[in-house]
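Visitor: Here's the letter readout for the chains.
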Amino acid sequence: MKEKTSGRLSFLRNKLFQNLFCALLILTVAVLTGYEFYTFRHYREEIRVPEGTEIQHLSDYLPSLKGTAGDTEIYVFRGEEKGGSLLVMGGTHADELAGHLSAVIMAENLKVTRGTVFVMPRANNSGFTNNFPQEASPMYVEIPTAGGVRTLVYGSRATNPVDQWPDPDLYTHFPSGQGLSGSETRNLNRSYPGRENGSFTERVAFAIKNLILENGIDLTIDLHEASPEYPNINSSVLHERAMKLSGDASLELNDIGISMRMEVSPATLHGLTHRELGDYTNTLAVLMETANPCQGRIRGATNAALAVSGKDACYEQAAKLGYLYVPYDENGVPIEERCGRHLQAVQVYAEALGWVFGEEYTIDMSGLPGYDELVKGSVGDWLR
Amino acid sequence: MLLMWIYRAIALLILVLTVRELWKEEKMQMKICACFVVIPLLLRVLMIK
Chain S
1 MKEKTSGRLS FLRNKLFQNL FCALLILTVA VLTGYEFYTF RHYREEIRVP
51 EGTEIQHLSD YLPSLKGTAG DTEIYVFRGE EKGGSLLVMG GTHADELAGH
101 LSAVIMAENL KVTRGTVFVM PRANNSGFTN NFPQEASPMY VEIPTAGGVR
151 TLVYGSRATN PVDQWPDPDL YTHFPSGQGL SGSETRNLNR SYPGRENGSF
201 TERVAFAIKN LILENGIDLT IDLHEASPEY PNINSSVLHE RAMKLSGDAS
251 LELNDIGISM RMEVSPATLH GLTHRELGDY TNTLAVLMET ANPCQGRIRG
301 ATNAALAVSG KDACYEQAAK LGYLYVPYDE NGVPIEERCG RHLQAVQVYA
351 EALGWVFGEE YTIDMSGLPG YDELVKGSVG DWLR
Chain E
1 MLLMWIYRAI ALLILVLTVR ELWKEEKMQM KICACFVVIP LLLRVLMIK
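As given, the protein sequences belong to chains S and E, one line each in that order. Counting along the first sequence from 1, when you hit position 165 you're at 165 in my numbering, and nothing is skipped either side. Counting along the second sequence from 1, when you hit position 49 you're at 49 in my numbering, and nothing is skipped either side.
These aren't lab readings, by the way, just hints derived from the structure by calculation. Among the hints, a few may not be true.
[Said to hold, decoys possible] Only pairs whose alpha carbons sit at most 30 angstroms apart, straight line, appear in this in silico DSS-like list of lysine-lysine: (1) S/82 / S/111; (2) S/320 / S/244; (3) E/24 / S/111; (4) S/15 / E/24; (5) S/311 / S/376; (6) S/66 / S/111.
[Stated by the list, open to error] Residues from chain E shown here face chain S by an in silico Cβ test under 8 angstroms; the list is partial: (7) 5; (8) 13; (9) 22; (10) 23; (11) 28; (12) 31; (13) 33; (14) 38; (15) 39; (16) 45; (17) 46; (18) 47.
[Claimed, not checked] For each label pair, taking beta carbons as the anchor points, the in silico distance ranges come out as: (19) E/10 / S/316: 46 to 56 angstroms; (20) S/20 / E/4: 25 to 35 angstroms; (21) E/24 / S/267: 22 to 32 angstroms; (22) S/198 / E/10: 18 to 28 angstroms; (23) S/9 / E/16: 56 to 66 angstroms; (24) E/33 / S/269: 33 to 43 angstroms; (25) S/24 / E/26: 18 to 28 angstroms; (26) S/262 / E/36: 25 to 35 angstroms; (27) E/10 / S/20: 43 to 53 angstroms; (28) E/33 / S/167: 21 to 31 angstroms; (29) S/321 / E/4: 41 to 51 angstroms; (30) E/33 / S/262: 30 to 40 angstroms; (31) S/12 / E/36: 18 to 28 angstroms.
Heads up, the beta-carbon is just placed ideally off N, CA and C, and yes, glycines get one too.
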């Protein structure tokens, strides 16, 4: 019986058959995965800014970025009266949804009557064209709005390796010479102040630094998220020159019920916005963090629902055991709460610029939701 | 950009050598293992990811 079966299936032992089978397997998997990678890389989410909004591009500040995935849109809102200037960056890390979405909500709703506000929702545009390997992250998240479902990209912490490859074993930061793990070479928030002829990510950082220098930006806010077990969340990390501003803004936030810890940027930790943009430009550099369980190490199923709802049974248990640095219960940390914190903080910081540095630095803006409005409603209410 | 083409050429060289080994390999399980090396290499040469 055994011999008969072997005889019938003897073609399986044919070397040519085996090789052709492998070739077919390779082509099938390569086409299927390649198609998915390709469509993700070329997907363009819509940011529906009001008609007439001034749009600049990052390549305006470093022409070598033109036509590359590093080029990105900068929405500029100029008030009729002169005042201070503010740059808000989302999407430095494209897997930190609240940072990106808060900047999108700003771009779609902001009105400025005094001062100038620059909004860049996809600071590392290349990060939005890929996922971080081995994280099982969702590729897209869907937000229901009154006008239909809006699809946003859930990208990667790092530049797409298609744009910058291969990674060195050790990344040496320019100009400090600080050594970091090789993959950090594609992390925009380890690449400041950047280099005109450096790596792809260094060039993006250099262009952002130029944007700040050329426009004399007074305050730069970089919006981030981190895992709930990371000690530095619901906080702002700031350059030492931004201490007074952050102190006043944090007190104001505390008064309206939002606890915002302050951390001063370590002088020897290089490459980050709150260190290098403060050192290499005159801007007051501040980075803000909210909690995103989708990035955490102890999360359960990783999907678009987790990225939006922030609800995870493992984190609920961890909170009961006292392992988290943020309040966390069965309601999780929904995107409304995370964006609410960011947007309220941006408004308070912009207001504080005038209190701390005088009338000429005042920024008057409106149209944005506050923390309470977002928490009681939905982020979809603020997307066009 | 020149560097990118050089890396791409290196990946192509490794791809060709791996496919050659796959073709010559006698054991089926080793051939399948080689497939999982060849697929990402192929995508890398095509610069898809």
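Visitor: Does each hint hold? Answer for all of them.
Guide: Okay, the hints, checked on the actual structure:
1. S/82 / S/111: It holds: about 14 angstroms lies between the C-alpha atoms, which stays within 30 angstroms.
2. S/320 / S/244: Since the Cα atoms of residue 320 of chain S and residue 244 of chain S sit roughly 36 angstroms apart, the hinted pair is violated (cutoff 30 angstroms).
3. E/24 / S/111: 67 angstroms, violated
4. S/15 / E/24: Within the cut-off at roughly 9 angstroms; holds.
5. S/311 / S/376: Distance ~17 angstroms between residue 311 of chain S and residue 376 of chain S Cα, so the pair holds.
6. S/66 / S/111: 29 angstroms, holds
7. 5: With a minimum Cβ separation of about 12 angstroms from chain S (threshold 8 angstroms), the hint on residue 5 of chain E is violated.
8. 13: 14 angstroms, violated
9. 22: 6 angstroms, holds
10. 23: OK, holds: residue 23 of chain E within 8 angstroms of chain S, min 5 angstroms.
11. 28: With a minimum Cβ separation of about 6 angstroms from chain S (threshold 8 angstroms), the hint on residue 28 of chain E holds.
12. 31: 5 angstroms, holds
13. 33: Cβ of residue 33 of chain E sits 10 angstroms from chain S, so the hint is violated.
14. 38: Because about 5 angstroms separates residue 38 of chain E from the closest Cβ in chain S, which is inside the 8 angstroms limit, the hint holds.
15. 39: 5 angstroms, holds
16. 45: Result: violated, 10 angstroms to nearest chain S Cβ.
17. 46: Constraint on residue 46 of chain E satisfied, holds at 7 angstroms.
18. 47: 5 angstroms, holds
19. E/10 / S/316: 46 to 56 angstroms: At roughly 48 angstroms between Cβ atoms, residue 316 of chain S and residue 10 of chain E fall inside 46 to 56 angstroms, so the hint holds.
20. S/20 / E/4: 25 to 35 angstroms: 33 angstroms, holds
21. E/24 / S/267: 22 to 32 angstroms: 58 angstroms, violated
22. S/198 / E/10: 18 to 28 angstroms: 22 angstroms, holds
23. S/9 / E/16: 56 to 66 angstroms: 32 angstroms, violated
24. E/33 / S/269: 33 to 43 angstroms: 42 angstroms, holds
25. S/24 / E/26: 18 to 28 angstroms: 19 angstroms, holds
26. S/262 / E/36: 25 to 35 angstroms: 48 angstroms, violated
27. E/10 / S/20: 43 to 53 angstroms: 27 angstroms, violated
28. E/33 / S/167: 21 to 31 angstroms: 24 angstroms, holds
29. S/321 / E/4: 41 to 51 angstroms: Given range 41 to 51 angstroms: holds, Cβ gap about 48 angstroms.
30. E/33 / S/262: 30 to 40 angstroms: For residue 262 of chain S against residue 33 of chain E, whose Cβ atoms are near 53 angstroms apart, the range 30 to 40 angstroms is violated.
31. S/12 / E/36: 18 to 28 angstroms: 20 angstroms, holds
Violated hints, in rising order: 2, 3, 7, 8, 13, 16, 21, 23, 26, 27 and 30; the structure is consistent with all others.
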